[in-house]
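> The lines below spell out each chain.
Protein chains: 4
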Amino acid sequence: MNNSVVPSWVLTLVCADRVGIVAAVSQFLAERGGFITDSQQYADREAGRFFMRVAFEATDARMSDTQELQAAFAATGAEFDMDWRISGAQEKPRMLLAVSKGSHCLADLLHRWQTGTLAVDIMGVVSNHPDMRRITEWHGIPYHELPANGDKAGQEAAILDVFGRTRSDYLILARYMQVLSEDLVGRLEGRCVNIHHSFLPGFKGARPYHRAHERGVKLIGATAHFVTADLDEGPIIEQAVERVDHRATAEDMIRIGRDIEAQVLARAVGWIADRRVLLNGSKTVVFR
Amino acid sequence: MNNSVVPSWVLTLVCADRVGIVAAVSQFLAERGGFITDSQQYADREAGRFFMRVAFEATDARMSDTQELQAAFAATGAEFDMDWRISGAQEKPRMLLAVSKGSHCLADLLHRWQTGTLAVDIMGVVSNHPDMRRITEWHGIPYHELPANGDKAGQEAAILDVFGRTRSDYLILARYMQVLSEDLVGRLEGRCVNIHHSFLPGFKGARPYHRAHERGVKLIGATAHFVTADLDEGPIIEQAVERVDHRATAEDMIRIGRDIEAQVLARAVGWIADRRVLLNGSKTVVFR
Amino acid sequence: MNNSVVPSWVLTLVCADRVGIVAAVSQFLAERGGFITDSQQYADREAGRFFMRVAFEATDARMSDTQELQAAFAATGAEFDMDWRISGAQEKPRMLLAVSKGSHCLADLLHRWQTGTLAVDIMGVVSNHPDMRRITEWHGIPYHELPANGDKAGQEAAILDVFGRTRSDYLILARYMQVLSEDLVGRLEGRCVNIHHSFLPGFKGARPYHRAHERGVKLIGATAHFVTADLDEGPIIEQAVERVDHRATAEDMIRIGRDIEAQVLARAVGWIADRRVLLNGSKTVVFR
Amino acid sequence: MNNSVVPSWVLTLVCADRVGIVAAVSQFLAERGGFITDSQQYADREAGRFFMRVAFEATDARMSDTQELQAAFAATGAEFDMDWRISGAQEKPRMLLAVSKGSHCLADLLHRWQTGTLAVDIMGVVSNHPDMRRITEWHGIPYHELPANGDKAGQEAAILDVFGRTRSDYLILARYMQVLSEDLVGRLEGRCVNIHHSFLPGFKGARPYHRAHERGVKLIGATAHFVTADLDEGPIIEQAVERVDHRATAEDMIRIGRDIEAQVLARAVGWIADRRVLLNGSKTVVFR
Chain A
1 MNNSVVPSWV LTLVCADRVG IVAAVSQFLA ERGGFITDSQ QYADREAGRF FMRVAFEATD
61 ARMSDTQELQ AAFAATGAEF DMDWRISGAQ EKPRMLLAVS KGSHCLADLL HRWQTGTLAV
121 DIMGVVSNHP DMRRITEWHG IPYHELPANG DKAGQEAAIL DVFGRTRSDY LILARYMQVL
181 SEDLVGRLEG RCVNIHHSFL PGFKGARPYH RAHERGVKLI GATAHFVTAD LDEGPIIEQA
241 VERVDHRATA EDMIRIGRDI EAQVLARAVG WIADRRVLLN GSKTVVFR
Chain B
1 MNNSVVPSWV LTLVCADRVG IVAAVSQFLA ERGGFITDSQ QYADREAGRF FMRVAFEATD
61 ARMSDTQELQ AAFAATGAEF DMDWRISGAQ EKPRMLLAVS KGSHCLADLL HRWQTGTLAV
121 DIMGVVSNHP DMRRITEWHG IPYHELPANG DKAGQEAAIL DVFGRTRSDY LILARYMQVL
181 SEDLVGRLEG RCVNIHHSFL PGFKGARPYH RAHERGVKLI GATAHFVTAD LDEGPIIEQA
241 VERVDHRATA EDMIRIGRDI EAQVLARAVG WIADRRVLLN GSKTVVFR
Chain C
1 MNNSVVPSWV LTLVCADRVG IVAAVSQFLA ERGGFITDSQ QYADREAGRF FMRVAFEATD
61 ARMSDTQELQ AAFAATGAEF DMDWRISGAQ EKPRMLLAVS KGSHCLADLL HRWQTGTLAV
121 DIMGVVSNHP DMRRITEWHG IPYHELPANG DKAGQEAAIL DVFGRTRSDY LILARYMQVL
181 SEDLVGRLEG RCVNIHHSFL PGFKGARPYH RAHERGVKLI GATAHFVTAD LDEGPIIEQA
241 VERVDHRATA EDMIRIGRDI EAQVLARAVG WIADRRVLLN GSKTVVFR
Chain D
1 MNNSVVPSWV LTLVCADRVG IVAAVSQFLA ERGGFITDSQ QYADREAGRF FMRVAFEATD
61 ARMSDTQELQ AAFAATGAEF DMDWRISGAQ EKPRMLLAVS KGSHCLADLL HRWQTGTLAV
121 DIMGVVSNHP DMRRITEWHG IPYHELPANG DKAGQEAAIL DVFGRTRSDY LILARYMQVL
181 SEDLVGRLEG RCVNIHHSFL PGFKGARPYH RAHERGVKLI GATAHFVTAD LDEGPIIEQA
241 VERVDHRATA EDMIRIGRDI EAQVLARAVG WIADRRVLLN GSKTVVFR
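Protein chains in written order, with full-length UniProt numbering: chain A, 1 to 288; chain B, 1 to 288; chain C, 1 to 288; chain D, 1 to 288.
Simulated from the structure, these hints should not be mistaken for lab results. There may be inaccurate statements among the hints.
Note: identical chains are not told apart, hence a pair may lie in one copy or across any two.
Claimed, not checked - Here are the computed lysine to aspartate or glutamate pairs in the EDC-like style, where the Cα-Cα straight-line distance is at most 20 Å:
{"id": "1", "residue 1": "Lys-204", "residue 2": "Asp-232"}
{"id": "2", "residue 1": "Lys-283", "residue 2": "Glu-68"}
{"id": "3", "residue 1": "Lys-283", "residue 2": "Glu-57"}
{"id": "4", "residue 1": "Lys-283", "residue 2": "Glu-46"}
{"id": "5", "residue 1": "Lys-92", "residue 2": "Glu-214"}
{"id": "6", "residue 1": "Lys-204", "residue 2": "Glu-214"}
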């Protein structure tokens, strides 16, 4: 919630862990008058990898231009063999949403976007059904109806085409009930997020609420995760649960689950927008 | 938390659902001056079964003796083909605890029992290790060290012997790290409760926290369930979770999990003591 | 979630507690072939009052008409001096919503209503501001802009006029930032619900998130309650909290709080719609 | 959970915020081969204050002695006018516990200490009652029975005497039901922690569960906070809540609350032991 006009940026980096990384980064910023407003780091001791997110702002005219900053940081990045990124704190990632018929996640994301509480640009909505056209267009967002019609390859090519033309950064599956092909998943690696309607790894696959009901669980949940070729096994970004009891039917669980799904997906998308989510193999680092 | 000396009882019943059950039960009580202090019921529409728990107390001398009440209710029970039970509200179920080396669940149950917040009688502790003898005996509870020593059948026979001699009603596995034989499980059907250190059905089997860590989950949990021959698939009584993040090691998860395990098991045991838990096939009805 | 065409009803009642109430009610239903699908009761021992909610359906032609049922039950109601009500399970309460400028609760209620997950009729939206007209009318709901303009009495009369003309049952203050007069509160006793943006009784009054921030709390919350003349002291229907830490600014708390407020209010309205909420003096009984 | 024999330390610091602090600290560590295993920081923009906690370990022989490290860091500390502290990661703070009659918090802390999950040294237990002597001494901890007997000043002097003689760092009020004098509070500023049995600022003062019951709240909670002269207004360290409903009596709330109190206090004490808690005026910074 920074309304200031002071130029500010976010630096994220991943590299092999060793002595001196934080010193190098903070020295770089201090020399240019960079004032650190937030900094988080994590060292994965098993993997020997180091993750960092630094939010900083300019204290004087030495810092003002993102490209200059990037050019200046390149030497430090190379020295530590970092996978790094500097972007303006006000820059918004471009999100393409995908939905089938269920409105709860889509409506929630659109409302947060419209009221300025989700700092992303929504580039469009793709769907295999016509149902969500009206609410999408009411928000002034283009709706691309791309039915599967037995030609999965063609439909996915059309989705990729919208993704490319709109220069989207992420594809958000907001209750999109089609399994993506391995090819599409591969092309969108680390850039495609799904909301699964169970507390993974419990109830992977179809009809999770019905299976949760049959199993008699006392809590149901939802999981936002990156999509990988291994279905429902992608890196988990966020999870939450809600209590149910023996009286809850499968339909009650579906209804209760909608609130969890919408909130969990909105949190995941918001954290990605803030560049708080970094991939760590089959896991994520989430700097909350 | 009823300290009154007014005689009071709990009636639990399960039967095929049909019109007139509640009328018959409440009529039975009203005719004898029974004052209902709590009543809960549940109709499983899919299974066509009806579950009820009624707590009631005497308003006059017509009700005073449990055996008389049971004899009088038998006709109603037979009319509706009920599986029913009437017991004095102050009657405590007799619990035999089993533990291996981990103290957290055992210490928690013993402390609650000692301070009068868990209304059970603890008949003894059986263990395949000597470690928990000191804390058990300090509470004045007999400790039966029954090492496995390669003779599983003999060891289980010894457990059953303690169970029988102490006239225990339930065997509570308070972090007992041995898989029970199908035979023992069969003999204790509906009377043996386990605490599993994961949020079932996720991470069934061994080393759940290590697997949760590898999977990168954002919440870890514990599950109290009845033990059945199908390992980790028994009817769930209670579950709870706690949030973790990427920094939690498997050891951190084990440590955080201990609190969840102890609380979840204590709740399950307390509800059983209050006769709030009824079996419904592979699920439970828990009248909280 | 009952899609059946079997006629079904909900009976709620409050009366002085004594032996025989449940017997009389269940006998009444059993004689007419009424099949109890859900029943909950609560005896407030201190107040000596008994509360009950029974959902039931017809098994044959003896039951079909709500007015006949009501007429038949009148004798039982009188015998026990009950405050009772029988209504068709499909009957929806008529809700008038009030809002100022904040959209999150209103948008949430409208979306739930539109998708059929909130079983109420929304009769209109009244507001002291124009901001929420567009989203309201997009949902096909009449919007009544009634600015205060220094004439509070006149404005409240206009609200009451809309309430009366639309034959509304409840006025739901979905982030309506005006204090209602004692007169209006009196006229809507037990029929006006507010969402307060704190975990009452903490931070009663204005700017609760700012005060929570100053106090350094580690959890923030929201409270749905009936409105009484005693500001922020009305009977609580539902509360929930979310964790925050030292990094959360007052603005962050406001943003996080929006989700809690929307969910807590939606739950309260849904439970009222299901006739699960009964008043008990300065408290509520909520049969979940 | 670091079992390594590699020397490791925790540095905590508070100072006025300005450019270059992180650079100076990380440069200091990098020059000596200090490997940062965890680092968290927080800039309070309103107060213009900067808080940092860095855990680090030696990679070679340059770092090995705590006193040398402290001497070397003094210049950096002075340059930025820091309130700083370096201590060995294995150093345990010395805790004196105070209790009256309620055992749940004391028993919980003792069990965690005994099983090695709470990294503190417990120097003794002081009490105004004899009740907790047996459990304390069973754990091998000295018990100081110091009844008030109308001489509050004398009793508090005796407490301070134990605190001094045992060279305790903190006094933990584990359900100690006496109000401390302003003088004692002043002497133990920032070193005395209390567990309050409500979700502050709701229900400050006596009998909070009874008042929560009267108010009809739907969640009850507990708060661990530093003790200040302003009763129940000290900086909050941790809070948690549990759901209750209309059926919960005040006694039920007391019983449910015990679990919350024990867990919240244990978390606060554990975080203090890990030097994760820093004071920030009337608030705390908790680096979890």
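> Next, verify each hint and record whether it holds.
Right, here's what the structure says about each hint:
1. In this assembly of identical chains, Lys-204 and Asp-232 lie within 20 Å of each other by CA distance both inside one copy and across copies; the values are 6 Å within and 17 Å between.
2. Taking identical chains as interchangeable, the C-alpha atoms of Lys-283 and Glu-68 are never at most 20 Å apart, the minima being 33 Å within one chain and 39 Å between chains.
3. Taking the shortest Cα distances, Lys-283 and Glu-57 never come within 20 Å of each other, neither inside one copy (30 Å) nor across copies (26 Å).
4. Proximity of Lys-283 and Glu-46 under a CA criterion of 20 Å is satisfied intra-copy only: 13 Å inside one chain copy versus 36 Å between copies.
5. Taking the shortest alpha-carbon separations for Lys-92 and Glu-214, neither the intra-copy value of 43 Å nor the inter-copy value of 31 Å comes in at or below 20 Å.
6. With identical chains, the CA atoms of Lys-204 and Glu-214 are at most 20 Å apart both within one copy (14 Å) and between copies (17 Å).
Hint check: violations occur at hints 2, 3 and 5; the rest are consistent with the structure.
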